[in-house]
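Student: Here are the chains, one letter per residue:
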Amino acid sequence: MNTGSFSDWSGAMFDLGPLYPFVGWETEMVIVLTIFWIGWHVVQIRGEHRQREEEARRLREGDNLQRAMQAERTPERM
Amino acid sequence: MDNDITALQVLFTETYYWLTIVIMFLIHVGFCTYEVGVSRRKNHLATLLKNTMVIPVVGVTFYLFGWWLYSAMVNGPGITGGVVAAPFAEPWNELMATHMGGTPHGTDITPADTALWARLNGVFWGAFLLFSWTTASIVSGSIIERIRSGAFWLIAVMVGSVTWIIDASWGWHPSGWMVQLLGYHDAYASGVVHAIAGGTALAVIINLGPRIGKFRPDGTPRNIQPQNPWLVCIGLFLIYTGFWGFYAACNIPLYDVQPGDGVFWSATNIYLQPTTLSAITFNFIMSLCGGLMAGYIVSKGDAFWTYSGGLAGVIACSAGNDLYHPIQALLIAAIIVVVIYKLHFWVERRFKIDDAVGAVAVHGYAGFLGVCAAGFVLWGYPSSPDALLGHAEPWARVTPWGQLAGAIIMFWVLGFIPGYALSWLLKKFGMLRIPREVELAGLDFTTHAGVTRDDEEIKSAALQEARAAMRPAK
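In order, the protein sequences belong to chains A and B.
Residues 274 to 351 (our numbering) are what the first sequence spells out, left to right.
Residues 70 to 543 (our numbering) are what the second sequence spells out, left to right.
Hints listed in this document are in silico derivations from the structure and should not be mistaken for laboratory results.
Backbone N, C-alpha and C fix where the C-beta goes; we use that ideal spot for every residue, glycine too.
Possibly wrong hints are sitting among the right ones.
[As the list claims (entries may be wrong)] Chain A is faced by these chain B residues, among others (derived, beta-carbon under 10 Å):
#1 Glu159
#2 Thr167
#3 Met169
#4 Thr176
#5 Pro180
#6 Leu185
#7 Ala187
#8 Gln296
#9 Asn297
#10 Ala490
#11 Gly499
#12 Met500
#13 Glu506
#14 Val507
#15 Thr515
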């Protein structure tokens, strides 16, 4: 098994090109990275939206907002 | 690398850029520190995370398409030609990875490509990526305490991996169409980094609106003071320090600048015009001095604006700091800092613009005016080393109108308009601003709640342990 395109360092250095494993799979790796990047934004934006809406809902209940503003570390008492 | 001179040139250049990247990293550390220092305690963590995550979101997209845009868009396309082939910058190309520079594996590049780019592609990409982070970070500061992080990260991708790098391709590339037709000269990026970021920040702020409480009912502004002046001071000093690396990274350290026969090794600016590290050392320091002195006087000794004045002074002179006399640099910096300070407060009062860190003024106005100033002071200078690059006809010379057109393209066309369009779209979908209640309670509301709950539980558990320990043994 050899994932690289060379097996030792004894050949002519001028012949050495790519050093990374799985040469020839670059396009597939770029597709994976693109999906990872777009997916990250989708997951992040959804998660943030859910979190902020939930916080806003809690803060609208009773006098939670007033108490949260009076002391930044009081919301656990809600 | 088949001879000693070529090997020395390539290895020195590789090491040089690698070091500039390390120094430039301090700019991002500085921006994070500075923003946290300005933000209120209830927003510290969200503010820090918002700017920190610029690193991965812009890093990934600059790998996918940002770096390619720089080489591909030099003609517009459609102004001086079409899209330029840049296989070495395509993300699926073997040169966008670990490579020794020998025989290429693919057929889209030649042995000459691999020999040139194997050791330089990564460090050039890295240096430009650091400029990208800076551009996004500039926008980040002005919009703190009320923007949704997800919205900002989309804006960061736009400015960091698309718009700024297109403007760099147009006006900050030896073959850019703005250099060719307008004689645009912007050696250390007054316009291509700072004006575009300032223009984008202004657009986003307009759609975002001011922080709650920033303006009184009669419309006059309240001053929301930086919450931790010491952190702001350290942050700005770190930005100054990183700015040295930024200047160095705008140069090519070792290049044969002699047209025709003969050899003359020199550093060059980004346009391959000869300059020296000594020149930019003179001018960087003197423009910093001019900015600090003017900032101190015009703000009547306000620490925040004195520091910001120093930064704005350097930005104001960056377009021409490869060629200015140090005293010219100092004077240009001082004059522009006075103007941008006045402009900041006039715009704030007149248009109810809440720019939390003054980024639009320090980067946007100073960058815009700096580009224009270079048009007058460097009037008639060549925008390109024509003979060295073998141009059949000399390219346009530096002129006030060419620089003004360039400044407008940077600030308005590539900065303001895309920034306004994207932030308007995000606003339409309710994705731009956090809910009002959360803004009032603070962006770190949930984190603080969790920390407080854990603290209370730990205290309670410790008390139980203490009671058990004090109980007499049976």
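Student: Decide, hint by hint, whether the structure agrees.
Tutor: A quick look at each hint next to the structure:
1. Glu159: Since the shortest Cβ distance to chain A is 9 Å, the answer is holds.
2. Thr167: holds (4 Å)
3. Met169: holds (4 Å)
4. Thr176: violated (12 Å)
5. Pro180: Where the cut-off is 10 Å and the nearest Cβ of chain A is about 9 Å from Pro180(B), the hint holds.
6. Leu185: violated (14 Å)
7. Ala187: With Cβ-Cβ at 8 Å, under 10 Å, it holds.
8. Gln296: With Cβ-Cβ at 12 Å, over 10 Å, it is violated.
9. Asn297: Interface hint status for Asn297(B): violated (15 Å vs cutoff 10 Å).
10. Ala490: Status violated, d = 18 Å.
11. Gly499: Holds, about 9 Å.
12. Met500: Cβ of Met500(B) sits 7 Å from chain A, so the hint holds.
13. Glu506: holds (4 Å)
14. Val507: holds (5 Å)
15. Thr515: holds (6 Å)
Figure legend: structure checked against the earlier numbered hints; hints not met, in rising order: 4, 6, 8, 9 and 10.
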